[in-house]
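Peer 1: Take the sequence shown: its position 17, counted from the start at 1, is 22 in our numbering, and no numbers get skipped.
Treat the hints as calculated values from the structure; they're not laboratory data.
The beta carbon of each residue, even a glycine, is placed where N, CA and C say it ideally should be.
There may be inaccurate statements among the hints.
To be verified - Here are the simulated lysine to any residue pairs, SDA-like style, with alpha carbons at most 20 angstroms apart:
| hint | residue 1 | residue 2 |
| --- | --- | --- |
| 1 | K44 | D94 |
| 2 | K44 | D78 |
| 3 | K73 | T58 |
| 4 | K73 | W35 |
| 5 | K73 | T34 |
| 6 | K44 | R76 |
| 7 | K44 | V70 |
| 8 | K73 | I57 |
| 9 | K44 | G81 |
| 10 | K44 | H91 |
| 11 | K73 | E52 |
| 12 | K44 | G95 |
| 13 | K44 | Q75 |
| 14 | K44 | Y71 |
| 15 | K73 | S38 |
| 16 | K44 | H68 |
| 17 | K73 | T54 |
| 18 | K44 | V93 |
| 19 | K73 | E51 |
| 20 | K73 | T36 |
| 21 | K44 | D77 |
| 22 | K73 | G37 |
| 23 | K73 | T50 |
| 24 | K73 | D94 |
| 25 | K44 | L80 |
| 26 | K73 | G33 |
| 27 | K73 | E56 |
Unchecked claim - Taking CB as the label site, the calculated pair distances span:
| hint | residue 1 | residue 2 | range |
| --- | --- | --- | --- |
| 28 | V93 | G33 | 13 to 21 angstroms |
| 29 | Q40 | L80 | 12 to 20 angstroms |
| 30 | G47 | Q75 | 17 to 25 angstroms |
| 31 | T34 | R61 | 17 to 25 angstroms |
| 32 | T34 | A64 | 13 to 21 angstroms |
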Amino acid sequence: MSKIGLTVLSIVIAGGVTQAADTPSLTGTWTGSGQGVGKEEGWTTEELTLEITEQRGPAFMGHKVYDKDQRDDFLGAVAADGRTVHIVDGDG
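Working from the sequences, and respecting the hints, build out all of it.
Peer 2: Structure below.
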């Protein structure tokens, strides 16, 4: 599978989070369909796994797993609405 530069992954977070102090913890492993765009690949949609290894407030980091042996590090943040996440890696 190709590497994608910018990934938007839909994560359902239970409850209505309305304040930055209520930022949900995303540390752990998440699997779903990712849509993204990369410099070389263009627009893509693919199944992937996000392993979030560290979170401080709304900011987090981890890696994307495409196949069992293909990983890309990323950084991300939970938006002010407490339900939307933005993720970026080294090529997008």
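Peer 1: Below or equal to 20 angstroms on CA atoms is what counts here, so check K73 against G33.
Peer 2: 17 angstroms, holds
Peer 1: CA of K73 to CA of I57, is that 20 angstroms or under?
Peer 2: 16 angstroms, holds
Peer 1: Please check whether Q40 and L80 have a Cβ separation lying inside 12 to 20 angstroms.
Peer 2: 18 angstroms, holds
Peer 1: Are K73 and T58 close enough, with their CA atoms no more than 20 angstroms apart?
Peer 2: Cα-Cα ~17 angstroms, so holds.
Peer 1: Does Q75 lie within 20 angstroms of K44 when you go C-alpha to C-alpha?
Peer 2: It holds: about 18 angstroms lies between the C-alpha atoms, which stays within 20 angstroms.
Peer 1: Within 20 angstroms, alpha carbon to alpha carbon, are K73 and E52?
Peer 2: 12 angstroms, holds
Peer 1: Below or equal to 20 angstroms on CA atoms is what counts here, so check K73 against T54.
Peer 2: This hinted pair holds, its Cα atoms lying about 10 angstroms apart.
Peer 1: Taking 20 angstroms as the top limit, are the C-alpha atoms of K44 and D78 close enough?
Peer 2: 16 angstroms, holds
Peer 1: Check the hint pairing K44 with V70 against an upper bound of 20 angstroms on the C-alpha distance.
Peer 2: Given pair K44, V70 holds - Cα atoms ~19 angstroms apart, limit 20 angstroms.
Peer 1: Does the structure keep K44 and L80 at a Cα separation of 20 angstroms or less?
Peer 2: It holds: about 18 angstroms lies between the C-alpha atoms, which stays within 20 angstroms.
Peer 1: Is the Cα-Cα distance between K73 and E51 20 angstroms or less?
Peer 2: Status holds; Cα separation ~14 angstroms.
Peer 1: Are K73 and W35 close enough, with their CA atoms no more than 20 angstroms apart?
Peer 2: Within the cut-off at roughly 15 angstroms; holds.
Checked against the numbered hints given earlier, this structure breaks none of them.
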